[in-house]
Structures are given as structure tokens and as C-alpha cells.
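Undergrad: With these hints in hand, go ahead and build the complete structure from the sequences.
Here's the letter readout for the chains.
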Amino acid sequence: MRTECSREWDTEGELMAIINGCEIPDELHYYLEGSQMTWIRLDGENATIGLTDPAQTRAGRILHVRIKAAGTSREKGKPVATIESGKWAGPVHFPVAGTITRVNEQLELRPVLINDDPYGEGWIAQIKVTNQAEVAGLLKADQARTRFNEIIARDNVKCIRCQK
Amino acid sequence: MTEDTKKLLYVMTNGPENPDKTYAPIYTAALSAAMEIDTSMYFLMHAAELLKKGVAETVALKKGGSLKQFINMALENGVKFYVCEESLRDLCNIEASDVIEGVRVVGTSTLADLALDADSVISF
Chain A
3 MRTECSREWD TEGELMAIIN GCEIPDELHY YLEGSQMTWI RLDGENATIG LTDPAQTRAG
63 RILHVRIKAA GTSREKGKPV ATIESGKWAG PVHFPVAGTI TRVNEQLELR PVLINDDPYG
123 EGWIAQIKVT NQAEVAGLLK ADQARTRFNE IIARDNVKCI RCQK
Chain B
3 MTEDTKKLLY VMTNGPENPD KTYAPIYTAA LSAAMEIDTS MYFLMHAAEL LKKGVAETVA
63 LKKGGSLKQF INMALENGVK FYVCEESLRD LCNIEASDVI EGVRVVGTST LADLALDADS
123 VISF
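Note that the protein sequences, when read in sequence, are chains A and B. For the first sequence, the positions run 3 to 166 when the working numbering is used. For the second sequence, the positions run 3 to 126 when the working numbering is used.
What the hints contain is simulated information worked out from the structure, not anything from laboratory work. A couple of the hints might just be wrong.
What the hints assert, rightly or not - Here are the computed distance ranges between Cβ atoms for each label pair:
no.	chain 1	residue 1	chain 2	residue 2	range
1	B	Ser99	A	Ser37	41 to 51 Å
2	A	Gly122	B	Asp22	36 to 46 Å
3	B	Lys64	A	Asp119	28 to 38 Å
4	A	Asp45	B	Asp22	45 to 55 Å
5	A	Thr103	B	Glu103	36 to 46 Å
What the hints assert, rightly or not - Anything over 12 Å on all C-beta distances counts as not near chain B; from chain A, calculated:
no.	residue
6	Asn48
7	His66
8	Lys142
9	Gln145
10	Thr148
Don't be surprised by glycine CBs; every beta carbon is placed ideally from N, CA and C.
TA: Laid out in C-alpha cells, this is it:
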């Protein structure tokens, strides 16, 4: 039974050396730069963006999401959305340069979908990729897992999904 | 940042003597920076103590954790931290070398410059 979802970025418990409950799906690409832990599902020139399981865990129960409007174009590393949880306030960056084609309007009323289902109903935005050359710089799942192992061991993450 | 980027200045006067008043300004500034607002924080009076190495870790928050994680988050999001040199030295007896990384130690006149340059000033 998972009843808590807001304080499991545990910096005081025992050290975990392995990924602990954090799902890192094979079929996605990942953008792990600085504080960014974002997934991207590529589909030709289009792509969907969302927060990874460790990222939603770090944020805790998400209270508000502000997504930039469809039509907004930004370079890689600029914000596509802003996430607030009370313990985390931060941007979600474009993993590659793009133009927003669709935003997940469900998140306005139910931001916790990002916690419940980060790779599914909790997607944040769909974009048209405007610089395909940057796609090669994204991490594949096996590369991302290596990096996540480091992050998870360092910060002692235990991934937990909010109870629906 | 483009030419039409908005600028916010947060002025922070509460220090470790009043932990309940330390979290919200820093959290709000972190959020502003995440929203692509050019965000600065100016710490003066006892707020300067929060930026001494090792102090923020001791400021326990009612929501759990310490203030340090929120200072780190704000810096990571790009908030520019300024601390008043006079407050540091004369009020808090803190040497500039004891201030955490990422903070600019500046004179009082910088507050006027920052305020005039900002689109809005929010004071705590």
C-alpha cells in the first residue's frame, strides 16, 4: 500500500546502492542535465515530454503545473513548464529544441497525474522537434539507467507513486 | 533571457531567528526563476546569517527538512543571490569568506540599483 508520495526523496535513511522502485521504460529517451530528469517519446518529427519516476518522486505531490501555450517555440534547455509541489519548484526543460503542439490540459485540474502515472496520463506536452540533430544527444534507456543509478545512490531515492 | 524578460527583486530581512519566515520567500523566488523571470534576492539585516556556511542546514522547517535544500533549489533555478556587506560584517559578524558559494557580497547601494532595475520589488 502506497499512501505517501511527498517525502520520499530521502536524504537521511540508509544508503541505497540500486534503483529502488524507479521505473525507467526501455522505449523512451531521456534528458538528464543538471536538475532535469525528463523523458521524451520520439515519433518522427513529433515527441512527447514528461517527468521521469525519480523526478516525480523528488518533486513530491505536485500541486500546480504551468505549461507554456501551444505554439511556443524554445531552444533546448528552456522551460516548457513549471512544476510546484511545496517542496520543489522548478522548470521542465525542452530536451531538444521544439514547438509545443499540444499540452496536457488534464494536468490543470489533476496535476497529481504526474505522480500517479508519469509515463502515461501524466505526460506534459507534445512538441514538434525543430532541431533533429539534438536527438542524438538524448540518452537511451540503458545509458539513462547508468546515470539514474548514480543519482539514486547519491540522493538515496525511493520511488513511490501517489495512491490513486 | 530576452529583452522582454521581466525582472523581480525579492528583499529578505528575516533570518534564523524566525524560521517560519525564511522558507516562502526563497521558495517563491525559486519558482519565479523557473518561470523565466530574471530573479534576484537581496539579503539584509539578520537574513544575511542564512547565507553563512552551515547555518541554513540548522534552520528546520515545519514542513520537514531544512532551509538549505530550498537555497540550493533557488540557486540551481538561477536566482541571483546578493548579500549586504554591512549587514554581514556589522550586524552578524560574518566574514565574506564564510558566505556560501554562489552569493555575491555587495554594498548597500546595490539594493537601490537592483530595485530600480526590477519590474517589481517584493519585500519580506
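Undergrad: Hint by hint, say whether it matches the structure.
TA: Hints, verified against the model:
1. B:Ser99 - A:Ser37: 41 to 51 Å: Once the Cβ atoms are compared, 28 Å apart, the range 41 to 51 Å for Ser37 (chain A) and Ser99 (chain B) is violated.
2. A:Gly122 - B:Asp22: 36 to 46 Å: Since the Cβ atoms of Gly122 (chain A) and Asp22 (chain B) sit about 38 Å apart, the hinted range of 36 to 46 Å holds.
3. B:Lys64 - A:Asp119: 28 to 38 Å: Cβ of Lys64 (chain B) to Cβ of Asp119 (chain A): about 30 Å, so the range 28 to 38 Å holds.
4. A:Asp45 - B:Asp22: 45 to 55 Å: For Asp45 (chain A) and Asp22 (chain B) the Cβ distance comes to about 48 Å; the hint holds.
5. A:Thr103 - B:Glu103: 36 to 46 Å: Because 40 Å falls inside the window, the suggested range holds.
6. Asn48: Its Cβ never comes within 12 Å of chain B, the nearest being 24 Å, so this holds.
7. His66: The claim is violated: His66 (chain A) sits with its nearest Cβ about 9 Å from chain B, within 12 Å.
8. Lys142: holds, 26 Å
9. Gln145: Check passes; 23 Å lies beyond 12 Å.
10. Thr148: holds, 22 Å
Checked against the numbered hints listed earlier, the structure breaks hints 1, 7; every other hint is satisfied.
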